[in-house]
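Asker: Protein chains in written order, with our numbering: chain A, 1 to 282; chain B, 1 to 330; chain C, 1 to 369.
The hints are simulated quantities; they were obtained by calculation from the structure and are not laboratory data. Please note that a few of the clues may not be correct.
What the hints assert, rightly or not - One-sided excerpt, in silico: chain A residues whose CB lies under 7 Å from chain C:
id: 1; residue: GLY36
id: 2; residue: PRO57
id: 3; residue: VAL58
id: 4; residue: THR61
id: 5; residue: LYS131
id: 6; residue: PHE218
id: 7; residue: GLY219
id: 8; residue: TYR222
Ideal placement from N, C-alpha and C gives every residue a C-beta, glycine not left out.
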Amino acid sequence: MTPSNIKYRIGKSRGFQVLTITLAFACVIPLLAILGFIIEAGITKINWHFLVNVPKPVGETGGGIANALLGTLIIILVAALIAIPIGILCGVYLSENKKSRLAYWSRLCVDILQGVPSIVVGIVAYFWLVKPLGGFSALSGSVALAIMMLPIVIRSTEETLKLLPDTLKEAAFALGMPFHRVILKVIIPCGISGILSGVMLSIARVAGETAPLLFTAFGNPYLSANLTKPMQSLPLLIFNYATSPYNDWHDLAWGASLILLVFVLMLNIFTKLITRKWKVQL
Amino acid sequence: MDTSSMDKDLITLSNASLGVISPVKTADSLKIRQRLRRSYRQIKTENVFRRVLVLMGWVMVVLVLGILFTLVLESVPSIRALGAGYLWGKTWDPVQDVYGAYPFLLGTLLTSFLALIISIPFSIAVAIFLGEYYPEGWLPNLLKNTVELIAAVPSVIYGFWGLAVLVPIVRGWETKLGVQPVGVGILSSSLILAVMIIPYAASLGRSMIQMVPSPLKEAAYSLGATRWEVIRSVIIPYTKSGLFAGILLSLGRALGETMAVTMVIGNTSIIPKNIFSPGNTMASVIANEFTEADKPVYLSALIELGLVLFLVTVVINMIGKRVISRFTNE
Amino acid sequence: MKKKSLNFRALLSAGALFLAIGFSACNGGGTSGESKSDSTKSASDDNALIGAGSSFDNPLFSKMFSEYNKLNGLKVNYQSVGSGAGISQLTNKTVDFGASDAPMNGKQDSAVSAPVLHIPVTAGAVVLSYNLAEVKDTLKLTPSVLADIFLGKITKWNDAKIAAINKGVKLPDVAILIAHRSDGSGTSNIFTTYLSKVSEEWSSKVGKGSSVNWPVGLGGKGNEGVAGLIKQTPGAIGYIELAYAIQNNMAYAQIQNKAGRFITPSIASVTAAANITIPADSKVSLTNTDAADGYPISGFSWVLIYKEQKYGDRNQDRATKLLKLLSWVIHDGQQFSGALNYAPLSPAAVTTGDAILKSATFDGKPILQ
Chain A
1 MTPSNIKYRI GKSRGFQVLT ITLAFACVIP LLAILGFIIE AGITKINWHF LVNVPKPVGE
61 TGGGIANALL GTLIIILVAA LIAIPIGILC GVYLSENKKS RLAYWSRLCV DILQGVPSIV
121 VGIVAYFWLV KPLGGFSALS GSVALAIMML PIVIRSTEET LKLLPDTLKE AAFALGMPFH
181 RVILKVIIPC GISGILSGVM LSIARVAGET APLLFTAFGN PYLSANLTKP MQSLPLLIFN
241 YATSPYNDWH DLAWGASLIL LVFVLMLNIF TKLITRKWKV QL
Chain B
1 MDTSSMDKDL ITLSNASLGV ISPVKTADSL KIRQRLRRSY RQIKTENVFR RVLVLMGWVM
61 VVLVLGILFT LVLESVPSIR ALGAGYLWGK TWDPVQDVYG AYPFLLGTLL TSFLALIISI
121 PFSIAVAIFL GEYYPEGWLP NLLKNTVELI AAVPSVIYGF WGLAVLVPIV RGWETKLGVQ
181 PVGVGILSSS LILAVMIIPY AASLGRSMIQ MVPSPLKEAA YSLGATRWEV IRSVIIPYTK
241 SGLFAGILLS LGRALGETMA VTMVIGNTSI IPKNIFSPGN TMASVIANEF TEADKPVYLS
301 ALIELGLVLF LVTVVINMIG KRVISRFTNE
Chain C
1 MKKKSLNFRA LLSAGALFLA IGFSACNGGG TSGESKSDST KSASDDNALI GAGSSFDNPL
61 FSKMFSEYNK LNGLKVNYQS VGSGAGISQL TNKTVDFGAS DAPMNGKQDS AVSAPVLHIP
121 VTAGAVVLSY NLAEVKDTLK LTPSVLADIF LGKITKWNDA KIAAINKGVK LPDVAILIAH
181 RSDGSGTSNI FTTYLSKVSE EWSSKVGKGS SVNWPVGLGG KGNEGVAGLI KQTPGAIGYI
241 ELAYAIQNNM AYAQIQNKAG RFITPSIASV TAAANITIPA DSKVSLTNTD AADGYPISGF
301 SWVLIYKEQK YGDRNQDRAT KLLKLLSWVI HDGQQFSGAL NYAPLSPAAV TTGDAILKSA
361 TFDGKPILQ
């Protein structure tokens, strides 16, 4: 081998390294651009009145998004109350029964559910809940979102519990604890950080969903906390007001976009801090 | 304290069941009966709990079958009216009741694969950077977290940004190339999609690359290989199937993406001629026309489109997961 | 193990606290909402109506219903989901009323279980907006030229046919780019109905409907999308609602009407177009109007309700509230139209609307006297 050949090879290696680093950091640019853009457009719109008032009709200034904030909070809370118990128990089932036939199919279905486009979930929720019950309701929106949360909760629960050493469970059984106590008092508490981060990720994911709510939660210009009635939510408000011709409504949409974006990113960052603190692998 | 009392329960239980005859006083026998009852209750709860777990396993199966069933049921009118030709029909004309899904199939495939091609260099670069070059340290950590945040931004916000920032840039390119300067179209939506799907392939690729056994790499280094040669001849071949799975998962995500694409693709039901033409994807057609579908066959044709989309994404995701599980089991 | 369970307990209690705060917040919201409606009349459930449909009506309705709420506390929740969706929601009986920019057609009529009343509530114009920075004068267009442009037969702005009707205007040598709605919409329905009336070729090749197979052009989602396309693309022309064009300071063309005059779209010219003989069911298209001062591309927007209001678990109270609301909308509510660039109903339309509202019944008996 000639020295020039070696130099060439080293040069090529260096070149590739530089290329990799450049490309890797180029990925960050779009995210920063989006953040900058939304912050610039939204920050001036947000003040106290914006947070505590309901939207005003066109031509009146000083409207706010209180109805959407409350609505998003309630819809997500109810969705979480539906999805978390089912999701965790299903995750426990999958991790406890690795080989059974039902577990195989169930796991397959979780994978399928994860890939279902959100608009399809919206259509299905409409046919399942809204049409038979004869009206739009926040509850049907929560169910649609819960369907989208389930796969993430189940997956994170299953993956976390798989990592726990078997000796933990065996020790508990050896002490004579019945199965349900072993699961509820030993296994789940030990994996709680992984489960919790899965739950938060799932909330962050559904918080920005518009399509499943269009034909379920429906929206509402008034402040409402009644689960059986239509309710407004942030993504719906952004979607509706961003496509209107009026500047007052555009302002509401920009401010709401910023709040939604910050909320979702905070949830994600918070999740990462949790996983770092408890050293969970997801 | 519970466990110790339970131990006694078990002992008395075994004694009782073995029929050991011992002179017990009435007070003691009452206690034993109480304990027996309690342990029966424990067993009962345990059985209920097990049953609940199995039920939860069933819930998922029922949920997915239910979704499939609902979609099929609602698309029956369109299947009956249009038959199999639906998929290959080249016109979509709700006024004349002519529905052909071909322009949307093509649009979906074009945007997804173009997005994939654009995003692969970036996602692989991130994977190699984090998996091989700099697995530790604050800067790589920051990059890793930032890339993961890309997946967290709601898609409606991507669409907003694409329309306001990306589309004018693309229009500038088109003016320079002499194509009709429209801006919105296949290319713009592919670019947005490319950004959105980077994290999926990148994070999977990173964990795959970290799983490459270090003896393999060390052997190559000791033979005098450069970093690049190790990456090309050891790491890439070893993680090939894992990287492929990551790309498949990205593809699955790109196929189903709705809001962002709808906002920048131009939304015409004409078959796209090149990557600058406006088009439509399956998801964007549903989002655009679902609310205004005023005839049963029209609505049902849109739902059938949803069914096709559902099946395609399911198949792609299935293959991806299968490849991953085979890779990690090896 | 001990430490872990301690952590777990801390987490649990934190979670419980979070939930408690969340619920108390909900309850707080709920009670405050109820107390408001308590002070006005009855429980919140009974004092709310739900409507859905046309996105065109949404800004006007938001203003009208907010004013009506101030008057007597009735909460009307109107959501702009699109005219077609408004009709299907009414068909599925998930709403109290639907709103649509296109009257129900034969197929839709056969899908509903009971007769539906159409009440005209406002009228709007569809304007042809264009992006030609060089042209300072307002362009004039005749129906046949307009049809040729949208059929893709005229492809340049300096085409002889356009030049012939715009004498003295210097037209640039720029390709025409068509922008149309990608989503189905009442706006498209009004525009394509007009083109079908004035052009034989359009009627046979494309036809009318809320979503048609456009021969050429780009689709934008919603009025906003089309307006965006026009604003961003030099040489573009597209159809949008008058309110959007005015709010966004966009240029729009004068259109020649049936009487041969070039009319600028405005609230006055739309009201003029609507001042024609209206049939008893009010299902009439205002496009290509006979009125001499009328703008030819305009149309009514209707609220749709069931003629027989007793269905499902509806009570008389709810039906009365709905009818009273609609009666207010076509009378007092009209004062809010002008400020939002909607055309108020013509006297003829109000009279027809009144007659239709009086024909609504509850259990066979008329509701409004």
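Asker: Determine for every hint whether it applies to the structure shown.
Answerer: Evaluation of the provided hints:
no.: 1; hint: GLY36; verdict: violated (21 Å)
no.: 2; hint: PRO57; verdict: holds (4 Å)
no.: 3; hint: VAL58; verdict: holds (4 Å)
no.: 4; hint: THR61; verdict: violated (13 Å)
no.: 5; hint: LYS131; verdict: holds (6 Å)
no.: 6; hint: PHE218; verdict: holds (6 Å)
no.: 7; hint: GLY219; verdict: holds (5 Å)
no.: 8; hint: TYR222; verdict: holds (5 Å)
Checked against the numbered hints given earlier, the structure breaks hints 1 and 4 and satisfies all the rest.
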